[in-house]
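Participant: Each chain, letter by letter, is given below.
Number of protein chains: 4
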Amino acid sequence: MSYSNTTTVQIPVVVSGATGKMGREIIKAIAKAPDMNLVGAIGRQHLGEDIGEVVGIGELEIPVTNNLEVVLAQAAQESQLPVMIDVTHPSIIYDNIRSAIAYGVRPVVGTTGLTEKQIADLALFADKASTGCIIAPNFSVGVILMQQAAIAAARYYQHVEIIELHHNQKADAPSGTAIKTAQMLSELGQAFNPASVQEQEHLAGARGAVCGENIRIHSLRLPGLVARQEIIFGSMGETLKIEHNASDRTCYMAGVLLCVRKVLALKSLVYGLEKVLA
Amino acid sequence: MSYSNTTTVQIPVVVSGATGKMGREIIKAIAKAPDMNLVGAIGRQHLGEDIGEVVGIGELEIPVTNNLEVVLAQAAQESQLPVMIDVTHPSIIYDNIRSAIAYGVRPVVGTTGLTEKQIADLALFADKASTGCIIAPNFSVGVILMQQAAIAAARYYQHVEIIELHHNQKADAPSGTAIKTAQMLSELGQAFNPASVQEQEHLAGARGAVCGENIRIHSLRLPGLVARQEIIFGSMGETLKIEHNASDRTCYMAGVLLCVRKVLALKSLVYGLEKVLA
Amino acid sequence: MSYSNTTTVQIPVVVSGATGKMGREIIKAIAKAPDMNLVGAIGRQHLGEDIGEVVGIGELEIPVTNNLEVVLAQAAQESQLPVMIDVTHPSIIYDNIRSAIAYGVRPVVGTTGLTEKQIADLALFADKASTGCIIAPNFSVGVILMQQAAIAAARYYQHVEIIELHHNQKADAPSGTAIKTAQMLSELGQAFNPASVQEQEHLAGARGAVCGENIRIHSLRLPGLVARQEIIFGSMGETLKIEHNASDRTCYMAGVLLCVRKVLALKSLVYGLEKVLA
Amino acid sequence: MSYSNTTTVQIPVVVSGATGKMGREIIKAIAKAPDMNLVGAIGRQHLGEDIGEVVGIGELEIPVTNNLEVVLAQAAQESQLPVMIDVTHPSIIYDNIRSAIAYGVRPVVGTTGLTEKQIADLALFADKASTGCIIAPNFSVGVILMQQAAIAAARYYQHVEIIELHHNQKADAPSGTAIKTAQMLSELGQAFNPASVQEQEHLAGARGAVCGENIRIHSLRLPGLVARQEIIFGSMGETLKIEHNASDRTCYMAGVLLCVRKVLALKSLVYGLEKVLA
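Residue numbers (full-length UniProt numbering), protein chains in the order written: chain A, 1 to 278; chain B, 1 to 278; chain C, 1 to 278; chain D, 1 to 278.
Keep in mind that the hints are not guaranteed to be accurate.
[What the hints assert, rightly or not] Straight-line Cα separation of at most 25 Å, DSS-like style, residue types lysine-lysine; simulated pairs: (1) Lys128/C - Lys262/C; (2) Lys21/B - Lys170/B; (3) Lys32/C - Lys21/B; (4) Lys128/C - Lys21/B; (5) Lys170/C - Lys170/A; (6) Lys241/C - Lys275/A; (7) Lys128/D - Lys275/D; (8) Lys21/B - Lys28/C; (9) Lys28/C - Lys170/C; (10) Lys170/C - Lys275/D.
[To be verified] Ranges of calculated distance between the beta carbons of each label pair, as one might list FRET restraints: (11) Ser196/A - Asn66/B: 16 to 24 Å; (12) Leu277/C - Glu69/A: 55 to 63 Å; (13) Ile92/A - Leu188/B: 37 to 45 Å; (14) Leu188/B - Asp35/A: 53 to 61 Å; (15) Gly212/C - Leu264/B: 55 to 63 Å; (16) Ala195/D - Asp50/C: 54 to 62 Å; (17) Glu61/C - Gln200/D: 36 to 44 Å; (18) Glu49/C - Leu188/B: 33 to 41 Å; (19) Ala204/A - Lys32/C: 19 to 27 Å; (20) Thr115/C - Val210/D: 24 to 32 Å; (21) Lys32/C - Ser196/A: 17 to 25 Å; (22) Ala73/C - Gln200/D: 29 to 37 Å.
No lab work stands behind these hints, which were simulated from the structure alone.
Every value quoted in this text rests on a predicted model; they were computed, and no experiment measured them.
The C-beta atom is built at its ideal place from N, Cα and C for all residues, glycine as well.
Construct all of the structure, not just a fragment, from the sequences and the given hints.
Facilitator: Quick look at the structure:
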């Protein structure tokens with residue numbers, strides 16, 4: 001009798017949006033992870049080319065395709081529960097998630113821009129299929145810490161505003177992280193930013209967007225940066241600012257891999273990385 | 001024969017908005033200036049009290065009044081050309097300027113929020129009366145330097161946005177300085193901020209106000225700060241930011257006094273401190 | 001039978017350093033506090049003048065003196081336990097605290113720059129006299145929040161540095177707040193900032209001062225700002241920054257008054273505002 | 001008679017430090033430049049591997065070697081004047097430059113940390129060989145603009161300090177750019193930063209390094225960022241800050257390629273990108 005060597009059980013992973021900036025970093029991260037195996041790469045560029053060659057880490061024997069359904073069907077055949085990481089555009093991601101769940105592939109989703117109704121529908125769908133799904137407006141632990149520090153500070157401040165800056169290829173504004181932050185502050189039960197004077201906006205939009213409990217969000221889009229968010233609190237004579245800056249998409253990889261590992265144990269939809277952090 | 005002692009000729013100065021934060025600093029600055037003499041103080045608080053006592057520098061024998069006309073009429077009687085410094089609210093300043101010019105009192109105006117049409121009307125009026133008038137969206141030399149540095153940088157960047165933060169008792173948004181900055185950049189003949197993707201604003205106003213050649217301005221209002229403006233340029237792999245921060249209204253005094261001295265030689269309306277800088 | 005009117009019991013307060021920038025704000029704050037009564041003002045300028053007139057709030061019937069002993073002796077005669085707030089220079093404050101304790105006057109001290117040995121000596125002295133004393137490197141709640149946010153973040157980051165900027169009349173560097181911050185992080189039991197390369201300092205001092213567990217502090221001194229501290233954490237692809245900015249000394253008043261009220265119940269020396277916060 | 005097709009004359013380029021972060025970006029940039037041809041790649045990692053494969057752009061038929069002499073000798077055989085771009089470590093770059101010049105290969109050097117004496121020696125050597133050489137402490141146009149804006153502002157400010165932050169694999173401190181900036185400000189003939197009080201450094205190095213006319217430089221080293229420099233001016237009530245942030249090494253490529261094209265026309269050593277900018 002012979003026994004095969006026990007090898008690490010690998011999670012089969014499909015990456016949708018594999019040829020975008022975020023997707024390429026994810027491909028590299030999965031290739032390095034000993035407990036994951038890339039089984040599919042969906043993208044709109046470099047069709048037919050090997051995704052490993054495309055991202056510069058050598059052949060992975062996975063060609064880029066734009067046919068998500070076929071890849072999901074194949075992944076469903078794997079002996080281990082498969083996961084789909086999706087970092088595409090808000091306009092197609094809703095359907096991608098539904099397709100994945102239909103095939104029993106667990107979605108880990110990083111693109112924001114889904115409406116509250118869409119999230120609620122997906123939650124219902126995942127629940128019915130008893131299939132875990134994680135939607136993270138942001139995969140960075142630093143962002144979670146920034147949000148938690150803001151919640152702690154809010155007790156002492158009546159005034160707060162949010163600025164978020166992203167590269168100019170980001171489609172949605174405000175960012176999902178900024179909206180989430182404003183919602184977290186709004187859930188504290190405080191009223192923020194009472195008006196001192198009668199304000200006048202001479203140019204429409206100058207004062208940004210209002211979110212939650214009267215919290216303003218200001219969104220800038222410029223080349224030369226990846227993602228930055230500043231939460232600024234003010235009171236008499238002082239300001240307190242908490243700022244997270246992602247200079248490189250590698251800062252999201254720890255969070256992405258963590259979600260891939262955690263989603264397998266879930267049977268419903270979870271929104272926010274902080275829900276799966278230790 | 002007797003000769004009088006030659007004393008420094010003093011410019012008679014009236015301050016409108018004398019009891020506000022900016023006005024109080026101006027009163028102190030004029031009291032210290034050897035070539036200026038305070039002859040009137042218009043304000044809405046501390047009526048009847050001595051303005052020197054109100055601001056904490058000892059009696060100046062000038063009671064606070066809310067009757068501008070009476071003060072202007074008195075100033076017009078002075079043997080030297082008088083100047084009115086006005087730092088009140090945009091809603092009353094148009095009329096104040098017209099009144100001053102009517103009495104031959106030269107206005108030096110620091111409150112912004114005047115529309116282009118109002119400025120054009122005042123220019124015509126000052127011209128007809130051959131009376132100098134200076135409207136400065138900002139009295140700080142640092143702000144002028146920031147704007148000039150931005151003009152020099154704009155040649156090399158296609159993308160730029162402006163953030164301005166002010167204390168929460170500022171009535172108008174965007175600030176006059178930010179609008180002026182956007183206009184100065186727009187006059188360079190470049191097109192700024194070409195769109196890379198189809199942007200979607202999920203919350204109205206998130207992307208700020210558009211000014212001039214597609215330049216976004218974002219206005220924050222918080223206690224704990226006086227005035228800050230950031231001009232951020234972006235291109236591949238880098239950003240260049242020029243930021244001016246006023247922590248104290250004393251930073252405007254050098255510019256205010258300079259304008260008081262310069263307006264006497266003018267016969268028309270001038271817009272912008274940089275026009276009278278060496 | 002007659003009953004006296006009950007009036008709020010007022011804490012007799014002496015302010016040492018009353019004519020400095022911080023001291024003047026404190027005088028104004030005490031004058032407004034219904035539960036405090038100013039009984040002495042020690043300073044080096046405006047000797048003999050009424051301190052209320054000096055700071056611009058009208059006569060308080062307390063002349064400025066430079067004789068601390070006399071003022072402490074008088075305060076000791078009050079029917080309520082008196083408090084001395086001291087915001088003078090590190091070089092004289094040690095003796096001031098000992099004198100106050102000797103007279104049974106409770107010190108609330110805001111000037112930093114005391115050495116660890118001096119603090120230990122004062123703790124012993126206060127203990128023997130069963131007299132409360134509070135030494136706060138910083139009176140701002142925002143600073144406490146910044147420090148607590150940093151402690152929470154440190155778990156996730158190996159790399160951190162501190163920048164502090166103060167007005168150019170601050171005598172000591174680094175600031176007490178920065179040193180305290182570095183000590184708080186060092187007490188977490190982590191090793192920070194392991195070296196990646198062999199560093200070379202071509203100009204001595206470029207890499208700042210080392211404090212605690214290998215944490216660098218960088219101190220800037222410039223006019224035009226009051227006090228700012230930035231704690232910057234870095235890891236792969238991202239940075240997290242927590243920044244507190246005091247634009248005005250009024251931000252310290254809430255903390256100062258809180259300490260005056262809390263010190264009466266103490267019988268020993270307490271170091272740090274966070275120890276008396278709710 | 002037949003005529004060969006005229007093809008763009010290509011500059012033969014050798015890259016020393018090809019496998020480091022900066023070097024990899026340079027390899028990609030040269031591969032895309034129509035007027036350049038990569039003829040050699042010197043590095044310490046991936047020896048023997050094709051440099052194009054190493055950086056992820058496909059085979060370039062140039063193997064990585066650590067033998068600079070051999071590569072320079074080969075480049076000297078080319079029919080066009082060759083250029084060597086060197087972005088290695090300060091400790092070996094002096095010798096590399098001398099070797100290149102000895103072979104008639106024009107150096108374009110980006111690593112700083114050379115002493116003034118070394119730069120003077122190299123200038124003499126290049127001069128004798130009538131061979132152009134460019135040493136650029138910084139290849140970014142944004143940095144040049146920052147320095148020029150600082151020079152314009154310095155006229156109006158007596159107080160200025162510099163903060164520079166780099167990734168924690170940078171060997172030298174302060175950065176060459178910061179030192180250059182301090183020198184440029186010092187050449188204006190002003191005295192900076194007169195002392196207001198007797199300063200005391202309780203921890204050695206807190207106040208940074210002194211450079212030129214009493215200008216302090218503060219150097220931070222953290223993962224999560226590439227390169228940032230802040231020049232902060234201060235005067236009564238205000239600060240003016242000019243900040244350049246490189247999030248990605250692609251921001252240096254325009255400057256690198258410009259230097260490669262410009263060095264061919266030189267016969268001596270030039271220090272600073274601004275010397276070859278239009």
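Participant: Would you list, in rising numerical order, the hints stated earlier that this structure does not obey?
Facilitator: Violated hints: 4, 5, 10, 16, 18, 19; rest satisfied.
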